[in-house]
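Line by line, the protein sequences are chains Z and U.
Under my numbering, the first sequence is numbered contiguously, ending at residue 392.
Under my numbering, the second sequence is numbered contiguously, ending at residue 392.
No lab work stands behind these hints, which were simulated from the structure alone.
The reader is advised that the hints may include incorrect statements.
As the list claims (entries may be wrong) - Simulated restraints on C-beta separations:
#1 U:N340 <-> Z:S99: 28 to 36 Å
#2 Z:K369 <-> U:D382: 42 to 50 Å
#3 U:K336 <-> Z:S99: 33 to 41 Å
#4 Z:R159 <-> U:K342: 53 to 61 Å
#5 Z:N340 <-> U:S352: 49 to 57 Å
Said to hold, decoys possible - Below, a list of computed lysine-lysine pairs in the DSS-like style, where the Cα atoms sit at most 30 Å apart:
#6 Z:K287 <-> Z:K342
#7 Z:K57 <-> U:K327
#8 U:K280 <-> Z:K88
#9 U:K327 <-> U:K348
#10 Z:K277 <-> U:K287
#11 Z:K327 <-> U:K88
#12 Z:K327 <-> U:K349
#13 Z:K57 <-> Z:K348
#14 U:K355 <-> Z:K119
#15 U:K358 <-> Z:K280
#16 Z:K287 <-> U:K280
#17 U:K77 <-> Z:K280
#18 U:K160 <-> U:K273
#19 U:K349 <-> Z:K77
#20 U:K336 <-> U:K273
#21 Z:K385 <-> U:K358
#22 Z:K117 <-> U:K342
#23 U:K349 <-> Z:K348
#24 U:K273 <-> Z:K385
#25 U:K77 <-> Z:K342
#26 Z:K283 <-> U:K280
#27 U:K280 <-> Z:K77
#28 Z:K287 <-> U:K336
#29 U:K358 <-> Z:K349
#30 U:K77 <-> Z:K336
#31 U:K77 <-> Z:K287
#32 U:K349 <-> Z:K17
#33 Z:K287 <-> U:K287
#34 U:K17 <-> Z:K77
Said to hold, decoys possible - Residues from chain Z that keep clear of chain U, each with C-beta distances beyond 12 Å, as calculated:
#35 K17
#36 S19
#37 V108
#38 I115
Beta carbons are placed, not taken as given, at the ideal position from N, Cα and C, and that holds for glycine.
2 protein chains.
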Amino acid sequence: MIKVPGFLGSAVSSGVKRSGKLDLALIYSEVPAKAAGVFTTNIVKAPPVLLGMDRIKSGYCQAVLINSGVANAFTGKQGLQDSIVTSKDAAHELNIAESLVIPSSTGVIGGRLPIDKMKKAMPNLVKKLSEDGFMDVANGIMTTDAFPKYAVKQINIGRKKGTIAVIGKGAGMIAPNMATMLAYILTDINVGKRALSKALKNTVNNSFNKIIVDGDTSTNDTVLILANGKLGNTLIKETGTEYKKFEMALTEAASEVAEMIVRDGEGGTKVAKIIVKGAKTEKDAEKIARVLGTSSLVKTAFFGEDPNWGRIVAAAGRAGVDFDPNKIDLYFDDQKILSNSKEVMDEKKAQSVLKKPKFEVTLNIKSGKASSFVIASDLTFDYIKINAHYRT
Amino acid sequence: MIKVPGFLGSAVSSGVKRSGKLDLALIYSEVPAKAAGVFTTNIVKAPPVLLGMDRIKSGYCQAVLINSGVANAFTGKQGLQDSIVTSKDAAHELNIAESLVIPSSTGVIGGRLPIDKMKKAMPNLVKKLSEDGFMDVANGIMTTDAFPKYAVKQINIGRKKGTIAVIGKGAGMIAPNMATMLAYILTDINVGKRALSKALKNTVNNSFNKIIVDGDTSTNDTVLILANGKLGNTLIKETGTEYKKFEMALTEAASEVAEMIVRDGEGGTKVAKIIVKGAKTEKDAEKIARVLGTSSLVKTAFFGEDPNWGRIVAAAGRAGVDFDPNKIDLYFDDQKILSNSKEVMDEKKAQSVLKKPKFEVTLNIKSGKASSFVIASDLTFDYIKINAHYRT
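Bound conformation, chain Z alone:
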């Protein structure tokens, strides 16, 4: 059940997807909500991203219009115009300012938005808006996703109970032509602008930015947070206990959705949390974790349930981080594999960890006190199958 006081949602089938599935979704806040966003770092940014980045500067957003099926990416000035037109149509139908609407698109790169079909669907989309409409939203924003993704948390703010809902899509940070990562975070908690931006940045850093399916970054990746203040709590500023509680709950909810994205990673069968400890800096730890999480050899070994520690240490060694290769400890869950770089594994037990759908790989390089992690999928036959013939 996804329900957040003061927010309404809906989705319809506008004909963007030929399958007739839900393909146009709307998130609406009864009042203009404070808002912040994090967008793709790819320098090739889709027009809806460029428009969103511009509009979020005001710090407010009241509606998000998301279409799935066509990414409206690499479509130039025409694409930007199309995003402007569709959000104007939504604003008109909602009777709110155009600048308070942020559009998102996900789907195939290079094609134009079917703006006429979308315009035609708009009255029905707005009419259907309901506080129970968010399951439709979660379904309507899917592309290659096998299942809808969302998480809801409630936390006590003073004597009141605030709600945080995260609705996301993406089968990995993965196919830039179809499987963009999108997430919308809705809350009724009253949060200051700076606190909202800070909490979103930290949250994304510790959730969506930690997941790796194939290392590709989409042209359309977007995470938005809308806080409508309906709870009426004392404004949360960017420090203090309440702030910490808020950020923690946000990170928890976002991490749940991030993990669902990895679990749904195209063709993936495993979710591996790769933790690197004992680095000099968090950046060093993350560098190594990322190389491990993107190494095709490490990922195929996970798929093969093969406790092939040689691939892990060899991949760690090429991360560009200096450490003593004779001092490595390695664990699969609580099974010790290497102790000071000597193999100490019980092969059967090591393998039984890798047979699980979810496990942790912990590498301690003993050079310092910093650590980091990534959450990665494996690399499978199905990944190739899905991606080799995707577009044609």
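Once you have looked at the hints, place chain U on chain Z.
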């Protein structure tokens, strides 16, 4: 036919490989040859690499002893001792100084060298040395390789005809636990020490360092050049016409072998030369080319023969290089796909390029005058098959 005046080669089956295939190879120069080497940049370096890096400092090498089947990597002090012992055995049998022998190992990480079996095989290995023995060497250093890899060039140096032979192995820069990239370059041309180092560095940079199968770098990667001066030509120093001719021939021969490695890339069906033009610096061009060559999405599209330009531009956009995404030209061979970022492709013709076993992808980002390239394989079902269950 691999024949270089003054060089002898041989290989035997010592029992390192259980299959009974050739697994111990020897390259021998009748006189101490001037030598230079390039070794893995992975900080986890196998003991034979550490020993080779030390011994090459003298600038001379007379014999290279290569075993396949066991990488002697991640074996610590014991591994270093084992490399020292086996090269001492070879030196003893050849009656040359121990310091003139450089060992190489390729195979599974973590296991000890079977030094006794290798010692036992040494007399026969030396006895078999012959100027016709280099096909055995090329076969004896193979691991997952489907075919032996070598190239021979002859060039006129003054009135004399010098020979350059490159013998290599590797099914990609690929499985660190088995498919190390090794290459040995033998020449009878009289080349100065500094010229030799410079030519090797430039050659490796433009051949072996340009190939990408899965982006993983082995703990054992080694390229050695031995120049025995038998041709008796006037010493080639590091500038001038003769030097340029030498470096060019070296690069040509090494590029042939490098391309064979990509062609043999585990499970690969395509060899794509990815050229990035119009960058501000060569480094920028190479950064983008490398991201394209390692992107799982781009590589699966090649495998699927899918002219999916969206994946190419999206991958280019995340390379960390600044360029105008609205000005891209893209070609598959001579077929124009994008003109100033607008699709202009004839889909059938574009697809027919990708159906070829070898093609060029040229991306012009029009920000400057620098260019670079990589040579990449595709990502296939067979890659997963080979690597998922390799070790166990």
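For each hint, the structure was consulted:
1. U:N340 <-> Z:S99: 28 to 36 Å: Given range 28 to 36 Å: holds, Cβ gap about 30 Å.
2. Z:K369 <-> U:D382: 42 to 50 Å: Given a distance of about 43 Å, which is inside 42 to 50 Å, the answer is holds.
3. U:K336 <-> Z:S99: 33 to 41 Å: holds, 39 Å
4. Z:R159 <-> U:K342: 53 to 61 Å: At 59 Å between Cβs, range holds.
5. Z:N340 <-> U:S352: 49 to 57 Å: holds, 56 Å
6. Z:K287 <-> Z:K342: Given that 30 Å is the threshold and the Cα spacing comes to 23 Å, the pair holds.
7. Z:K57 <-> U:K327: Satisfied, since the Cα-Cα distance of roughly 27 Å is no more than 30 Å.
8. U:K280 <-> Z:K88: violated, 39 Å
9. U:K327 <-> U:K348: holds, 24 Å
10. Z:K277 <-> U:K287: holds, 29 Å
11. Z:K327 <-> U:K88: Holds, at roughly 29 Å.
12. Z:K327 <-> U:K349: Violated, at about 55 Å.
13. Z:K57 <-> Z:K348: violated, 55 Å
14. U:K355 <-> Z:K119: violated, 41 Å
15. U:K358 <-> Z:K280: violated, 44 Å
16. Z:K287 <-> U:K280: holds, 26 Å
17. U:K77 <-> Z:K280: At roughly 26 Å apart (the allowed maximum being 30 Å), Z:K280 and U:K77 satisfy the hint.
18. U:K160 <-> U:K273: violated, 35 Å
19. U:K349 <-> Z:K77: Roughly 28 Å between the alpha carbons, so the hint for U:K349 and Z:K77 holds.
20. U:K336 <-> U:K273: Judged against 30 Å, a Cα distance of about 16 Å means the pair holds.
21. Z:K385 <-> U:K358: Given that 30 Å is the threshold and the Cα spacing comes to 22 Å, the pair holds.
22. Z:K117 <-> U:K342: Distance ~24 Å between Z:K117 and U:K342 Cα, so the pair holds.
23. U:K349 <-> Z:K348: Roughly 52 Å between the alpha carbons, so the hint for U:K349 and Z:K348 is violated.
24. U:K273 <-> Z:K385: Holds, at about 24 Å.
25. U:K77 <-> Z:K342: holds, 11 Å
26. Z:K283 <-> U:K280: Measuring from Cα to Cα gives roughly 28 Å; hence the hint holds.
27. U:K280 <-> Z:K77: holds, 26 Å
28. Z:K287 <-> U:K336: violated, 37 Å
29. U:K358 <-> Z:K349: Distance of about 44 Å is beyond 30 Å: violated.
30. U:K77 <-> Z:K336: holds, 22 Å
31. U:K77 <-> Z:K287: Within the cut-off at roughly 28 Å; holds.
32. U:K349 <-> Z:K17: Distance ~28 Å between U:K349 and Z:K17 Cα, so the pair holds.
33. Z:K287 <-> U:K287: Distance of about 17 Å is within 30 Å: holds.
34. U:K17 <-> Z:K77: violated, 62 Å
35. K17: Holds, because the least Cβ-Cβ distance between Z:K17 and chain U comes to about 18 Å, which exceeds 12 Å.
36. S19: With a cut-off of 12 Å, Z:S19 remains clear of chain U, as the shortest Cβ separation is near 20 Å.
37. V108: Z:V108 is in fact no farther than 12 Å from some Cβ atom of chain U, at 7 Å.
38. I115: holds, 19 Å
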